[in-house]
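Here the protein sequences come in this chain order: G and S.
Under the numbering used here, think of the first position of the first sequence as 1, with each following residue one higher.
Under the numbering used here, think of the first position of the second sequence as 1001, with each following residue one higher.
Hints are computed from structural coordinates only; laboratory data are not their basis.
Don't take each hint at face value.
Pairs of lysine to aspartate or glutamate, DMTMM-like flavour, derived with a Cα cap of 25 Å [stated by the list, open to error]:
| no. | chain 1 | residue 1 | chain 2 | residue 2 |
| --- | --- | --- | --- | --- |
| 1 | S | K1058 | G | E38 |
| 2 | S | K1054 | G | D116 |
| 3 | S | K1058 | G | E73 |
| 4 | G | K98 | S | D1017 |
| 5 | G | K42 | S | D1003 |
| 6 | S | K1067 | G | E73 |
| 7 | G | K98 | S | D1033 |
| 8 | S | K1076 | G | E114 |
| 9 | S | K1083 | G | E114 |
| 10 | S | K1079 | G | E111 |
| 11 | S | K1067 | G | D116 |
| 12 | S | K1092 | G | E38 |
| 13 | S | K1095 | G | E38 |
| 14 | S | K1006 | G | E114 |
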Amino acid sequence: MNRNRRTSLQVAGSAGLYGALLAIGLLRPGQASAQSLEQAFKTTGIAETLKALGAGGAPESKDIVINAPDIAENGAVVPVGIRSALANTQMMALLVEKNPSALAGAYDILEGAEADVNMRIKMGQTSDVFAVVKADGKFYVAKKEIKVTLGGCGG
Amino acid sequence: MADPMKIRAVVRNGVADVRVLMAHEMETGQRKDSSGKLVPAWYISEVSAALNGKQVLKAHWGPAISKNPYLQFKVKGAKAGDKITVSWVDNKGEKRTDEATAS
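So here's chain G without its partners, still in its complex pose:
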């Protein structure tokens, strides 16, 4: 049996159900996004996490800046900032490709906040980090490699 095909059918089925529930007003969109985020936190790898966020195949954008060191000495504390110059930025997320679960954090930018957040994350090893930005309903990504000389997970 083709396993991939089976899961994709299931995913398609639940998406249809979700649409129907949304249509009859059983689910508020806010709740739904929290749920899909919960799913996204469980996924590994960039492609899968992007898909869970609904950002599969998002184009790269030069308007997103990842502010982070090229080399992090301590993987337990890596300062990373995301800034988006895209108009109407609604959501920003940070993904680390080689962490056990790629999604590190997601931020809802509500009215009044600037699309500029800084945080400190853990990185298990040298990896590409991706910033995902949702602006005006569309997703964009940017990436940057951070070299880690001392891992931050386990040990």
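Chain G is already provided as a structure; the job is to place chain S on it using the hints.
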């Protein structure tokens, strides 16, 4: 009860630069203790920030955020004396809310 957060908010040209330092273990759930058992995950899962009671930012975190998390964000239309409230909830349901006045 968890230790209080340190919140600093500085207003410059109408934009408040808010820096928050939270005290939390942020256990990943990947680490093993000395007897080889996995230490269960324990991390802040949600942070929200408000300016004068109006929510401006909501963060969803996973265990990949560093221990004693640091968060910096910017809020438009703020002035000195405004109240910045930050609260978090961890995956065990523990909560903490702290407030600071912008300067």
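Discussion item. Against the 25 Å threshold, does the CA-CA distance of S:K1067 and G:D116 hold or violate the hint?
Written reply: holds, 21 Å
Worksheet item: Taking 25 Å as the top limit, are the C-alpha atoms of G:K42 and S:D1003 close enough?
Response: Distance of about 29 Å is beyond 25 Å: violated.
Worksheet item: Holds or violated: S:K1058 with G:E73, Cα cutoff 25 Å?
Response: violated, 29 Å
Discussion item. Run the distance test for S:K1054 versus G:D116: straight-line Cα separation, threshold 25 Å.
Written reply: holds, 18 Å
Worksheet item: Holds or violated: are the alpha carbons of S:K1006 and G:E114 at most 25 Å from each other?
Response: The given pair, whose Cα atoms are some 21 Å apart, holds under the 25 Å limit.
Worksheet item: Given the hint that S:K1076 pairs with G:E114, does the C-alpha gap stay at or below 25 Å?
Response: holds, 7 Å
Item to complete: Decide if the proposed pair is consistent with the structure: S:K1058 and G:E38, CA atoms, cutoff 25 Å inclusive.
Response: holds, 14 Å
Worksheet entry | Hint consistency between S:K1095 and G:E38 [alpha-carbon to alpha-carbon, up to 25 Å] | holds, 19 Å
Discussion item. Run the distance test for S:K1067 versus G:E73: straight-line Cα separation, threshold 25 Å.
Written reply: holds, 16 Å
Discussion item. Check whether the Cα positions of S:K1092 and G:E38 lie no farther apart than 25 Å.
Written reply: Satisfied, since the Cα-Cα distance of roughly 15 Å is no more than 25 Å.
Worksheet entry | Straight-line alpha-carbon gap S:K1079 to G:E111, limit 25 Å | With Cα atoms ~16 Å apart, S:K1079 and G:E111 stay inside 25 Å; holds.
Worksheet item: Is the hinted pair S:K1083 and G:E114 satisfied, with a Cα-Cα distance of at most 25 Å?
Response: holds, 17 Å
Comparing the model with each earlier hint shows violations of hints 3, 4, 5; every other hint is respected.
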